[in-house]
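Chemist: The residues making up each chain are set out below.
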Amino acid sequence: MNPSTLPTSALRRSQLYRRHTKLGADFVTLGDSVVVSHYNSMGDEKIQSQQLGLADLSTLPRIGFKGAGTPDWALSLGIELPAAPNRALVQADGTLVARLSQHELLLASGLDSRSQCIDHATARVTQAPLAKSVYSLPRSDSHSWLILCGSQAPATLAKVCGVDLRPHKFANGEIAQTSIAKINGVIVRHDQGERLSYSIFSDSSSVEFLWDSLLDAMAEFNGTAIGIKALGE
Amino acid sequence: MKLLTCPLNGQRNISEFTYGGEYHQMPDHQQASSREWAEHVFFHDNNAGIVTEWWCHSASSYWFLAQRNTISDQILRTFPADEIFNQRVDFAPAAEVSSDATPATKGESR
Chain P
113 MNPSTLPTSA
123 LRRSQLYRRH
133 TKLGADFVTL
143 GDSVVVSHYN
153 SMGDEKIQSQ
163 QLGLADLSTL
173 PRIGFKGAGT
183 PDWALSLGIE
193 LPAAPNRALV
203 QADGTLVARL
213 SQHELLLASG
223 LDSRSQCIDH
233 ATARVTQAPL
243 AKSVYSLPRS
253 DSHSWLILCG
263 SQAPATLAKV
273 CGVDLRPHKF
283 ANGEIAQTSI
293 AKINGVIVRH
303 DQGERLSYSI
313 FSDSSSVEFL
323 WDSLLDAMAE
333 FNGTAIGIKA
343 LGE
Chain E
149 MKLLTCPLNG
159 QRNISEFTYG
169 GEYHQMPDHQ
179 QASSREWAEH
189 VFFHDNNAGI
199 VTEWWCHSAS
209 SYWFLAQRNT
219 ISDQILRTFP
229 ADEIFNQRVD
239 FAPAAEVSSD
249 ATPATKGESR
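Chains as they are written, first to last, in our numbering: chain P, 113 to 345; chain E, 149 to 258.
Read the hints as simulated data drawn from the structure, not as lab findings. Nothing here was measured: the structure is a model prediction, and the numbers come from that model. Note that the Cβ used here is the ideal one computed from N, Cα and C, for glycine as well. Accuracy of the hints is not assured; some may be wrong.
What the hints assert, rightly or not - Okay, the calculated beta carbon distance ranges per label pair: (1) E:Asp230 / P:Leu201: 19 to 27 Å; (2) P:Asn284 / E:Arg236: 32 to 40 Å; (3) P:Asn284 / E:Trp185: 49 to 57 Å; (4) E:Ser206 / P:Glu192: 27 to 35 Å; (5) P:Asp184 / E:Gly168: 26 to 34 Å; (6) E:Gln222 / P:Val237: 44 to 52 Å.
Same shape as in the complex, but just chain E (with noise of 0.2 Å):
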C-alpha cells in the first residue's frame, strides 16, 4: 500500500486520498479575461516533473496541497492549504455588464 501523510492527521494509505487535481495560482478576479478563468477552471498543464496538487483525506474532509513528482511518482512534501491561502479574497460585483450578456427579462421570448 502506498503511504502519504496528511497534514492533519499523519501517514496514511493512500486509499483514504481523493485527487484533487493540479494547484494553479488564481489570475486576479478584476483584471482577468474569459479565456483566462476558462484556462484556469478548465486547462492542466500535465507536466512532466515536480507539480503541486489538491488532495483530500476522505476520512476528515481535509483539504491540503502536495508536491509530487509525476515522473517518479514520489511526494516530496504535503502542506495546509493555509500556507498559500493565507488572505481572504472579496469578489467585489462585477463593475459593468455589456449589454450583449444582458438577461431576457422574465416572460420574453429567447
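Next comes chain P alone, as it looks inside the complex (with noise of 0.2 Å):
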C-alpha cells in the first residue's frame, strides 16, 4: 500500500473523495481504481464493519447489460446467472452478477477490483454490434456503488427505506429496487462471511447527498464511515 495515493491519481475517481479526504482518508491502488483503504480519523475500522460501516466503492469496474438477448448472451460468456429477477449471484471469480429483472445485469467487481466476467464482458462492448438484443449499460459512470455492513445495518436502513430489509424477511442474495433516502437505488444483499453486507448502487450525480443522508441516520447506531481495508476477510 502507498499511503501518498492520491484520489485523483487514476482516470476515475469518486463523487465523494472530498469528503474522504476531509475524513482523513489514506488511498490505496487497486488495478485501475483508488480507493479509501483507511480513515485516518477513526477507531478500529474491522470491529465497526461487524457493527456499522459505509464504504464508498465507486471506482471498483462494473457494467451493465439489459436487452432480450441478455441472458443467453451472458450464458455464453461463462456467466452463471441468477434463476429470477431480483437475485444476485457471485461468481467463482468474485464478480456479483445482479439479476434486475428478466433481461438485465448489473455486472460489480470484488473488493479487489479484479472480475474475469467484467473483462471479458467489457471486451466485447467495443464489437458493434454486440450481439443481437444486448445492449450495454456504462454502470460504472451512471451508478455509485457503496457498502452498508454490519450488524445494525437494518436498522439504519429502515430509517430511510420502505422496504422490510432485516436478515429473516430479506435473504442473502435478494435484491430490492427502491426508494433509499428518497434516492432511487439497488440495494443488493450479499454477506461477506459473517458479515451482514448490503451494496447499494445509485444515480452517481446524488450519491454526495445519498453518503449524507446514511452517515445521518448511522448516528444514532454509532455507525462511520470505513475504508475498503476493514472490508477484506
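With the hints as a guide, bring both chains together as one complex.
Modeler: Below is the structure:
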C-alpha cells in the first residue's frame, strides 16, 4: 500500500473523494481504481464493520447489460445467472451478478477490483453490434456503489427505506430496487462471511446526498465511514 | 401510504411509481388516418369506471399495466406489458407521400 496515493491519481475518481479527504482518508490503488484504504480519524474499522460501517466502492469496475438476448449472451460468456429477477449470485471469480429483471444484468467486481467476467464482457462492448438484442449500460459512470455493513445495517436502512430488509425477511442474494432516503437505488444483500452486508447502487449525481443521509441515519447506532481494508476477510 | 404491487418488484409505496396515462390499443399503422393517430396519441377517454393504465416503477424504470377503478381508486390488477405486447410490430416505411407533404429542398425559400 502506498500511503501517498492521491484520490485523483487514477482516471476515475469517486464523486465523494472530497468528503473522504475531509475525514482523513488514506487511499490505495487497486487495479485501475483508487479507493479509500482507511480513515485516520476513525477507530478500529474492522470492529466497526461488524457493527455498522459505510464504505464507498464507486471507483471499482462494474457494467450492465439489457435486452431480450442478454441472458443467452451472458451464458455464452460463462456467467452463471441468478435463477430469477431480483436475485444476485457471486461468481467463482468474485464478481457480483445482479439480475435486475428477466433481461437485465448488473455486474460488479470483487473487492479486490478484479473480475474476469467484467473484463470479458467489456472487451466485447467495443464490438458493434454487441449481439442481437444486447445493449451495454455504463454502470461505472451512471451509478455509485456504497456498501453498508454490520449488524445495525437493517435498523439504519429501516429509517430511510420502505422495504423490510431485516435478515430474516430479506435473504442473502436478494435484491430490492427501491427508494433509499428519497434516492432511487438498487440494494443487493451479499454478506461477506458472517458480516451482514448491503451493496447500494444509486445515481452517481446524487450520491453525495445519499452518503450524508446514510451517515446521518447511522449516527444513532454509532456507525461511521470505513475503508476497504476493513472489508477484507 | 397507498401501496401498489409492481409485477417485477412486488408491493411498494405509491411514491415509488409514476403514472403513465391510459392504455389504448394502437390503431393499425398501415390503415390509420391522421385523425385516428392523433386520437391515439393525444386524446384520453377519461372514463369513470374500470380503466387500464400505464404505470412505471421509478426505482427500476419498469413499465407495466394496471387495471384501476377510477370511481373508487381501487387497483384491481397489475400485470407485465408483455401480456399484451407479445409480438413485435415492424413499422414499414409509408408506401407513398402525397405531393403537398413533400419537404422543401435545401436552400429553397418557404
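Chemist: For each hint, tell me whether it holds in the structure or not.
Modeler: Evaluated hints:
1. In this structure the supplied range 19 to 27 Å holds for E:Asp230 paired with P:Leu201, their Cβ-Cβ distance being about 24 Å.
2. One distance hint, 32 to 40 Å for the beta-carbon pair P:Asn284 and E:Arg236, holds here, with the actual separation near 38 Å.
3. In this structure the hint that P:Asn284 and E:Trp185 lie 49 to 57 Å apart at CB holds, the actual value being about 51 Å.
4. Look at E:Ser206 against P:Glu192: about 30 Å separates their beta carbons, and that is inside 27 to 35 Å.
5. Take P:Asp184 and E:Gly168: their Cβ atoms lie about 30 Å apart, and the range 26 to 34 Å holds.
6. At roughly 46 Å, the beta carbons of E:Gln222 and P:Val237 sit within the given window of 44 to 52 Å.
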